[in-house]
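S.K.: Okay, here's what each chain looks like letter by letter:
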Amino acid sequence: MKRAGRPLFSSLVLLLLGGGAAQGVASCADSEATPAAALDAGPQPDSATIIEMPDAPVAEPCSSGDAFCAVALPSSTPVSLNGVWGSSRDDVWIVGSPDFTLHWDGARLLSANASTRQTPFGIWGSGKDDVWSFSAGNAMWHSTGFEDGGDGGAGWSFYDGADGGGWPGAITAMWGRNANDVWAVGPFVDQLAVPTIWHCDGWRNGAPQWAFVNTVDATDSEPAHAEPLSFNAIWGNTNFEVWIVGMGGKTRYGSALDKSPGKWTPINSATSIDLNAVWGVSDGDVWAAGAGGTMRRFSRGAGGTWTASEVALPTTATIFGLYGFAANDIWAVGSAGTIVHWDGHDWKLVTIPGDAGAPLDDLFAVWGSGPADVWAVGRNTLLHRGNAPLPRKSP
Amino acid sequence: MKRKTIAGAALGAATLALAVLSACADTISAGIDTPPPQKPTFADPDAAAPIPPPEAGLCNAYECPAPYATCPGTSGLCTTNLSNDVSHCGACDSECPNSLPIRQKLHASFACAKSRCQMLCAGPWGDCNGLVDDGCETSLDDDPQNCGLCGATCKAGEICWKGACGCPSGFTQCGDSCVQLDQDDSNCGACGHQCTDPPPDAGPTVWPCGPSVVPPASGVNCLAAKCGVHCSPGFANCNTDACGDGCETFVVTDHDNCGACGNKCRDDQACVGGKCICDADKTRCGGDCVDLESDPLNCGACGNACPGASGDGFTFHGSPVCTLGRCGYDCPPGYADCDHRIENGCEVDLMVDPTHCGSCGAQCDLKGGQPCAGGRCLTKPCDAGVVH
Chain A
1 MKRAGRPLFS SLVLLLLGGG AAQGVASCAD SEATPAAALD AGPQPDSATI
51 IEMPDAPVAE PCSSGDAFCA VALPSSTPVS LNGVWGSSRD DVWIVGSPDF
101 TLHWDGARLL SANASTRQTP FGIWGSGKDD VWSFSAGNAM WHSTGFEDGG
151 DGGAGWSFYD GADGGGWPGA ITAMWGRNAN DVWAVGPFVD QLAVPTIWHC
201 DGWRNGAPQW AFVNTVDATD SEPAHAEPLS FNAIWGNTNF EVWIVGMGGK
251 TRYGSALDKS PGKWTPINSA TSIDLNAVWG VSDGDVWAAG AGGTMRRFSR
301 GAGGTWTASE VALPTTATIF GLYGFAANDI WAVGSAGTIV HWDGHDWKLV
351 TIPGDAGAPL DDLFAVWGSG PADVWAVGRN TLLHRGNAPL PRKSP
Chain B
1001 MKRKTIAGAA LGAATLALAV LSACADTISA GIDTPPPQKP TFADPDAAAP
1051 IPPPEAGLCN AYECPAPYAT CPGTSGLCTT NLSNDVSHCG ACDSECPNSL
1101 PIRQKLHASF ACAKSRCQML CAGPWGDCNG LVDDGCETSL DDDPQNCGLC
1151 GATCKAGEIC WKGACGCPSG FTQCGDSCVQ LDQDDSNCGA CGHQCTDPPP
1201 DAGPTVWPCG PSVVPPASGV NCLAAKCGVH CSPGFANCNT DACGDGCETF
1251 VVTDHDNCGA CGNKCRDDQA CVGGKCICDA DKTRCGGDCV DLESDPLNCG
1301 ACGNACPGAS GDGFTFHGSP VCTLGRCGYD CPPGYADCDH RIENGCEVDL
1351 MVDPTHCGSC GAQCDLKGGQ PCAGGRCLTK PCDAGVVH
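Just so you know, the sequences run in chain order A and B. For what it's worth, this note's numbering labels the leading residue of the first sequence as 1, then goes sequentially. For what it's worth, this note's numbering labels the leading residue of the second sequence as 1001, then goes sequentially.
The following block holds chain B by itself, in its conformation from the complex:
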């Protein structure tokens, strides 16, 4: 868009153009703004008028366009974007505070947006008082006055639990927390009712296998809101021999009793965490269900990790990809792997690199110091600038 605007302005300057144009011609061809080769249709006798080269009237420019700047300690010309660079936010060396102690103290990090440092609250924290100096001071997880959101007040007596007022369905408020009375050993059937070993003479209802007899993989715990001898968590009595081998089946991983007695997984599935995995369109690699056609860590086969590192989006760009079961490496928009070495990822920022401006190998006027801005070698109308 910018390119078109500049070209339009230059053409709007009208007739003083021609002499300047010819003087500029060599300079223009040195950058990536070289007009595309004219096609034979250019000479079409039916055409209303010859179409002028789109970049006519533009010469190289060497001043940084806003919001770019050449900041000390950075490489290249005009490579710093003052509008979003946390180290040079609004001005060179104007750094947004992001040290670990500050982040921990303020429960916040800082980003640069529109040339100003902006505070971003971490996790469940909120800046409810609007003061930057104490950062994100409010825990939105458990503050009844700011529950999930600054200013969201819970009803009188209602707790704020995990960022929401009151307890969700199936939970009951016991003091400052929400519990499941049907299975909470410390709140079994009622708040504060703790399951403890009953006396030996409590009878067969409490001791079904005899006084004080606890079968294997069983214990005194809360089930269906009642304390008693039940299976330990994760175990089940699938062979109905409760007083013999107790709760013999570990349903968390049992292929034939996955999550519950009789819940058999398919042959190509595994039981992980009480659930049959994987779906038919996935392949099991260890405990994971993956798509071998697209998973870069299991590309084409379990364990076949595609080479190359994944970028952090700041100092390293690019990431391994798996396409149709075959490894590759992708660059994010604006970056390229011009040296074809996967070790350094997509090492070129095509937006600012004057040796690879817009595409690999597209050089600006390096000798003259022509910057690359927005993926284009910087130009300006010839009549307003230096003509080389």
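If we strip away everything but chain A, and leave its shape as in the complex, we get:
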């Protein structure tokens, strides 16, 4: 069966729904499209392959409505999908290791690579033509848009921080207000002892010009300096505010960042457990989550001070990713296939598809273009909630 299945994915085209075919199957989705319907969807470059392999598992559409659907990956080779981001529902990027880039354009799921052995640890972009991927080492990649052409297509250009004298270490997360206001955070390494919060004004002339950020103001006895802290996640808003969380529950709040320097405030997260993810509603309702089912909600008091409150999760799984669309529509994903959803009142566990009897793999990131288009990625796992005509993973 494996042999028969391979030709189905022998090209970059994973979902055999090119051109007008996509429309045909998408319209069939609600009426339980059958394999025959997919085959009949129209002329496609790879359709002959399917016919030659009558026992090949024909990918059913993954349109799943409110439930998460497991999307077929291009091969059975183990892969860790580490990050997901998109500019819209028709421009979704997923990166992972070993060397794996996946792109969804609304009709086709195409795979590509960055020709690297380093781990692409995550992905972020300010828009369709400004996409960044970062690594566990010095490497960064930038794309001005996924290219559907024949060269394998992600359009990644490579930047080595060690060569350029710029970024000196690993990046765990990025966020930006726009293409010219980009932030990155990373782990603190004793031997390097370099700052772990960085800012740049965009990808210019093939490289970002990073500058490290001091979070402690100068005093009479000490100049302004960075702190020796490891950070795992960053989120900000258009009000020039940024939240950064990390190891040991460390939380930093940057405000007035349109000024130089901005103002940085340590926030008591009321936990010393590692925090791995942060996301907020634009008006200042900010969530952070981490190891052992730790979930914190930061609220701004009348005096402008922030306080953290503990919010119970129905799991002790470690949370790795947070994303939301509104104060009552937030998603968190984590270890052992955990997905929880905040409806404004409670965090509720969400069931996801999995192989019978097998433990679920960890989920590392979640993103969506809107409440009806949510992606969750992890080790050997790609999940989607919505009605996009994605190829469903065979049970």
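Hints listed in this document are in silico derivations from the structure and should not be mistaken for laboratory results. A few of these clues could be false.
Unchecked claim - Just some of the chain B residues that point at chain A, by a computed CB distance under 10 Å: (1) T1283; (2) G1300; (3) N1304; (4) A1305; (5) T1323; (6) L1324; (7) C1327; (8) G1328; (9) D1337; (10) C1338; (11) D1339; (12) R1341; (13) I1342; (14) C1360.
All values derive from a computational prediction rather than experimental measurement. Just so it is clear, CB atoms sit at the ideal spot from N, CA and C, and this is done for glycine as well.
Start from chain A and add chain B according to the hints.
M.R.: The following block gives chain B in isolation, referenced to the frame of chain A:
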């Protein structure tokens, strides 16, 4: 297995069960032995008979089951396994001798197995006389009477070299050691034949570049079992200008002449120790060839060491792992990281911790002092024990 056996025995006690069962019910539910929720199939009218809860008839127990004991100075109840604890071997405070002076003197360390201290010989040492008081007294490396193994005797006149009788192929016995006559400056061509500077008038065969002329990176040494002017170890004459720049190439690290003249490494390889590294499926990080997908010291990128310490298996458990180029932390079987703090690793012994018995947060009857043994809160048949 133990759980099933106990349950079976309790059920075997038959009909006196029911009254006791109801008395036990609350106690049972306090431990981790709570029967799993009954599924709807329980009421299946086609079923031959209702299946009794597997743990029916069991009550909490508070005495340590063998081989566990509560030893002074240890935390928790029944946390010491007398069968394998070197500090409490067979009995509390019965310690196996493992101090450094003793280990050095006896060439041995001691482990506790089956409740008895067992001597383990270190390295090449053996306990050939069976006496514990002199420990592992025999060096199996070079004793012709005990060569590699107690009682393994070499032939008359044959030496024991590195734990094997005689010299391996390519080596010749010279006195008490095995040497390579073709390249040993002290035994060149024959035992005891030492290479020394020949006289200046020895001729061009001995001095190819002129009387007493030693080109760069060359010397008088043994090569092909003959003393003469040859390249110094690690160097080679790759440009055939022996009397000019001598042995100009250091083949130990030369990318284009790695190990030998003309042996060029691939562009993505390095020459280390005269060998081209790394294989195509490995990445070179400094002088090492690593798999970035699985090396915890170079996870996803050279130098990206996964956080957390590696356990010693005794006082600290757990180790960083790299899975598909992404860091994680693994606990050995029986241990767990219940506090989610990587600094203390997998700090919980699920086998004996009554606050995390079998899994994080699974509590035994702490107030009553119910031990956790083998990852289960201790129970016994109700009719034989205390009912709470």
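S.K.: For each hint, tell me whether it holds in the structure or not.
M.R.: Hint check:
With its C-beta approaching chain A no nearer than about 5 Å, B/T1283 sits inside the 10 Å limit, and its interface hint holds. With its C-beta approaching chain A no nearer than about 3 Å, B/G1300 sits inside the 10 Å limit, and its interface hint holds. This hint holds: B/N1304 has a C-beta 4 Å from the nearest C-beta of chain A, less than the 10 Å allowed. This hint holds: B/A1305 has a C-beta 8 Å from the nearest C-beta of chain A, less than the 10 Å allowed.
Interface hint at B/T1323: satisfied, since its Cβ lies 7 Å from the closest Cβ of chain A, which is below the 10 Å cut-off. A least Cβ separation of about 4 Å between B/L1324 and chain A falls short of the 10 Å threshold, and the interface hint therefore holds. A cut of 10 Å between beta carbons decides the hint on B/C1327: the least distance to chain A is about 8 Å, and the hint holds. For B/G1328, the shortest C-beta to C-beta distance to chain A is roughly 8 Å, which falls under 10 Å, so the interface hint holds.
The criterion of a C-beta within 10 Å of any C-beta in chain A is met by B/D1337, whose closest approach is roughly 9 Å, and the hint holds. Satisfaction of the interface hint for B/C1338 is found here, the shortest Cβ-Cβ separation to chain A being roughly 8 Å, below the 10 Å cut-off. Of the supplied interface hints, the one on B/D1339 holds, with its beta-carbon coming within about 8 Å of a beta-carbon of chain A, less than 10 Å. Contact between B/R1341 and chain A, as hinted, is supported at the beta carbon level, the nearest pair being about 7 Å apart and thus within 10 Å.
For B/I1342, the interface hint holds, since its Cβ comes within 10 Å of a Cβ in chain A; the closest pair sits about 7 Å apart. Because the beta carbon of B/C1360 sits about 7 Å from the nearest beta carbon in chain A, less than 10 Å, this interface hint is met.
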